[in-house]
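*Asks:* Following the hints, complete the assembly by docking chain B onto the known chain A.
Spelled out from the first residue to the last, the chains are:
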Amino acid sequence: MTAQLISLFATETFEVPANIAFSIIAIFMVIAAIRVVTTDNVVHAALWLMVVLGGVGLNFLLLQAEFLAMTQFLIYLGAIIVLFLFGVMLTRAPLGRSDNLDNKQRPIGIVVGLLVLGLVSYAVIKTFGSDKLDFSAYDGSQAVAGNNRTQALSDAIFSQYLIPFEVISVLLLAALIGAIVIARRD
Amino acid sequence: MLLNQFLLLAAILFSIGVYGVIVRKNGVLVLMSVELMLNAVNINLVAFSTYHGLGGQVFALFVIAVAAAEVGVGLAIVLLIYRNRRSVDIDQLDELKG
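These protein sequence lines map, in sequence, to chains A and B.
Numbering follows my numbering, in which position 130 of the first sequence is assigned residue number 310; successive positions increment by one, without gaps.
Numbering follows my numbering, in which position 45 of the second sequence is assigned residue number 480; successive positions increment by one, without gaps.
Hints are supplied without guarantee of correctness; some may be wrong.
To be verified - A few chain B residues facing chain A, derived, Cβ under 8 Å:
hint: 1; residue: M436
hint: 2; residue: R459
hint: 3; residue: E470
hint: 4; residue: M472
hint: 5; residue: F497
hint: 6; residue: V508
As the list claims (entries may be wrong) - Only pairs whose alpha carbons sit at most 20 Å apart, straight line, appear in this in silico EDC-like list of lysine to aspartate or glutamate:
hint: 7; chain 1: B; residue 1: K460; chain 2: B; residue 2: D524
hint: 8; chain 1: B; residue 1: K460; chain 2: B; residue 2: E530
hint: 9; chain 1: A; residue 1: K284; chain 2: B; residue 2: E505
hint: 10; chain 1: A; residue 1: K284; chain 2: B; residue 2: D526
What the hints assert, rightly or not - Which stretches of chain B does chain A cover? Using the computed rule of at least three CB atoms under 8 Å from a CB of chain A, they are:
hint: 11; stretch: 439 to 452
hint: 12; stretch: 479 to 493
Worth flagging that the hints you see were computed from the coordinates, not collected in a lab.
All residues carry an ideal CB built from backbone N, CA and C; glycine is no exception.
One chain only, chain A, in its complex shape (with noise of 0.2 Å):
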């Protein structure tokens, strides 16, 4: 009986309900991305943004990549959300809906905008064609460690890459230092 539940939930039947997640996260995050950049609202604009930053997160979630989708979810919809809030306070951007948001370049931007995905998707279809993802990459020689995803990330962070990573801390000190410098007022 148990075995027979187990093979019900082996991987073969989180296939359907996995694919299902991602057709409908995959609309709302497409509508959204679209109403991102056709809305005649900024506040608008900034809150559509914020459905599409938690449809990357669940995407994340279902490459079961956990650490990352929570940092998704923390530093994407937690801040910067709200710091492109405060960016249309501080520059009094039209809060209601404004018709001057857009410039002249809407057809060439629909050309290359279509161009750069028929370019993309034709790359990406002839390369990859119907490879299925299998996730054993995770488990490899990395994830040995209690078999704990997060931890194997965290060990490759401080090993491996962890010069790039302290690289990246100076970065983000400097660029925060340069944005204080930048928009102070002296």
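*Replies:* Quick look at chain B alone, frame taken from chain A:
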């Protein structure tokens, strides 16, 4: 799940971001479009990390940190533009045009 479904979703998001950068006139909205593109790249990195180990996730974290720095500096610059010109219309910043 296929690898391609994530890559195609990322391609769509990236193209929408490109469109936004070209079409939008307000500086804050251009930065939002750049965020769309950065997030598309993050989806790609994490999707590929299922094949090549955790390096993709580490670099996705780095991209998140760089995006935070970029938004901070970018909004500071937009704020300075607003303070000097009473507008964030980036199409009017054409003093370098010959």
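*Asks:* Verify the coverage statement for the stretch 479 to 493 of chain B against chain A, using a C-beta to C-beta distance below 8 Å and requiring 3 or more qualifying residues.
*Replies:* Per the Cβ count (11), the hint holds.
*Asks:* Between K284 of chain A and E505 of chain B, does the CA-CA distance stay at or below 20 Å?
*Replies:* Violated, at about 27 Å.
*Asks:* Would the stated hint for F497 of chain B survive a check requiring a Cβ distance to chain A of less than 8 Å?
*Replies:* Hint holds; F497 of chain B Cβ to chain A Cβ min 5 Å, cut 8 Å.
*Asks:* Holds or violated: K460 of chain B with D524 of chain B, Cα cutoff 20 Å?
*Replies:* holds, 6 Å
*Asks:* Is the interface hint satisfied for E470 of chain B? The criterion is a beta-carbon contact with chain A at less than 8 Å.
*Replies:* holds, 7 Å
*Asks:* Run the distance test for K284 of chain A versus D526 of chain B: straight-line Cα separation, threshold 20 Å.
*Replies:* holds, 10 Å
*Asks:* Would the hint on M436 of chain B be counted as holding, given a Cβ-Cβ threshold of 8 Å to chain A?
*Replies:* At 5 Å from the nearest chain A Cβ, M436 of chain B passes the 8 Å test, so the hint holds.
*Asks:* Is the straight-line distance between the alpha-carbon of K460 of chain B and that of E530 of chain B 20 Å or less?
*Replies:* holds, 16 Å
*Asks:* Under 8 Å is the threshold here; is the Cβ of V508 of chain B close enough to any Cβ of chain A for the hint to stand?
*Replies:* holds, 5 Å
*Asks:* With chain A as the partner, please determine if R459 of chain B meets the hint condition of a C-beta pair closer than 8 Å.
*Replies:* At 6 Å from the nearest chain A Cβ, R459 of chain B passes the 8 Å test, so the hint holds.
*Asks:* With 8 Å as the cut and Cβ atoms as the points, is M472 of chain B at the interface with chain A?
*Replies:* violated, 10 Å
*Asks:* Please verify the coverage claim for the stretch 439 to 452 of chain B: does it have three or more residues whose C-beta sits within 8 Å of some C-beta in chain A?
*Replies:* Since 13 is at least three, the answer is holds.
The structure shown violates the earlier hints numbered 4 and 9.
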